[in-house]
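All chains should be modelled from the sequences, with the hints used to inform the complete structure.
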Amino acid sequence: MTKVLVVDDSNLARRSTRKILETAGHEVVEAEDGLRALERYYLDKPDVVVLDVTMKDMDGIEVLKRLRDLDKAAKVVMVTADVQTSTRDMAAASGACGFVVKPVHAKSLLETIQNVLTEESPCN
Amino acid sequence: MQLTPLQQDAVTELINIAFSRAAASLSDLTKCRVDLDVPEISVHKIGEVAVSVGRFVRGDVATVHQVFTGPVAGDAFLLLNFDGAVHLVELLTDTPTAKGTLGAAAREVVTEVGNILMNACLGVFGNLLQVRFSFSVPKLSLEDLGFMVQSLVVSDDALQHAMVVGARFRMRESEVTGCLVLVLGIASFELFLKAVEDWAEKSLAGDQT
Numbered sequence: 001m002t003k004v005l006v007v008d009d010s011n012l013a014r015r016s017t018r019k020i021l022e023t024a025g026h027e028v029v030e031a032e033d034g035l036r037a038l039e040r041y042y043l044d045k046p047d048v049v050v051l052d053v054t055m056k057d058m059d060g061i062e063v064l065k066r067l068r069d070l071d072k073a074a075k076v077v078m079v080t081a082d083v084q085t086s087t088r089d090m091a092a093a094s095g096a097c098g099f100v101v102k103p104v105h106a107k108s109l110l111e112t113i114q115n116v117l118t119e120e121s122p123c124n
Numbered sequence: 125m126q127l128t129p130l131q132q133d134a135v136t137e138l139i140n141i142a143f144s145r146a147a148a149s150l151s152d153l154t155k156c157r158v159d160l161d162v163p164e165i166s167v168h169k170i171g172e173v174a175v176s177v178g179r180f181v182r183g184d185v186a187t188v189h190q191v192f193t194g195p196v197a198g199d200a201f202l203l204l205n206f207d208g209a210v211h212l213v214e215l216l217t218d219t220p221t222a223k224g225t226l227g228a229a230a231r232e233v234v235t236e237v238g239n240i241l242m243n244a245c246l247g248v249f250g251n252l253l254q255v256r257f258s259f260s261v262p263k264l265s266l267e268d269l270g271f272m273v274q275s276l277v278v279s280d281d282a283l284q285h286a287m288v289v290g291a292r293f294r295m296r297e298s299e300v301t302g303c304l305v306l307v308l309g310i311a312s313f314e315l316f317l318k319a320v321e322d323w324a325e326k327s328l329a330g331d332q333t
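Top to bottom, those sequences are chains A and B.
Each residue of the first sequence is one higher than the last, beginning at 1 in my numbering.
Each residue of the second sequence is one higher than the last, beginning at 125 in my numbering.
Okay, derived cross-link-like pairs now, DSS-like style, lysine-lysine, Cα gap no bigger than 30 angstroms in a straight line: (1) K107(A) x K326(B); (2) K56(A) x K326(B); (3) K65(A) x K3(A); (4) K155(B) x K56(A); (5) K19(A) x K318(B); (6) K56(A) x K45(A); (7) K19(A) x K326(B); (8) K169(B) x K263(B).
So the derived list for chain A, only partly shown, Cβ under 10 angstroms to chain B, looks like this: (9) K56; (10) T80; (11) A81; (12) V83.
The hints are simulated quantities; they were obtained by calculation from the structure and are not laboratory data.
Even for Gly, the Cβ is constructed at its ideal location relative to N, Cα and C.
This is the structure:
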């Protein structure tokens, strides 16, 4: 079973992402902001992180950088409605392994996670 | 009107998606990166909207107004701080405006930007909520916020509500603050919230978030 840390400041987004992941047989832990995400990552050691970009206080790109400082092998999939190419580039440059556009479709999220876990999506 | 926790959560997520798309449209237009803060949302009776709007824009504002019709009908207003509107025009036309003013050509640019942003935003609402909107031709006004807020009361209907979405975004290190105000009659507002709840429940069923 794959353990996935879902980080999003939207309760709705966390709950619905959890539903998608648990239906697919994954174990889910949640964090509602960047600091809690770093704490949960350290404590739960998830196989992959699904991380929202636009969040209050510490945005997803900053969280991503700190996660990668914490663990160079951290596998992080960014989730955002921001479809700017520069955002995708920044995420990739900061070490994101995958990128999923909101509203998230189950197939897209699960395929991306699968690719990340099988290292078909290399991380920087 | 008080939103339930589910409605508040769903509206916030919906706005987040819509504004991110609108920011991407703006980035395409201006060819520069747009960094968007998390939008802030509140709902008020129409007579109580001034304080909320005043948290995001003050003084002279550039306002683009569009009427939208369909199952959910109302008025959409995009308010930009005047300096921000000038900055947008300079980015889009690549030329400085005369003494920070907005001439006829510059006003056309702001109107078109407003049109694109509001269509991007409401288009996301329409697609996700499965509601079809039609839009009127956008109209621009440049005036003091106080006068602008008075004109937000688009009819004598005391049951009108306004959803105020405030957003700050930065482009080339300049901050532009804007505010989207949707004015809806009570029937449209209830339909809108029902559509939002349906979308949220569909999301929670695991179809999409």
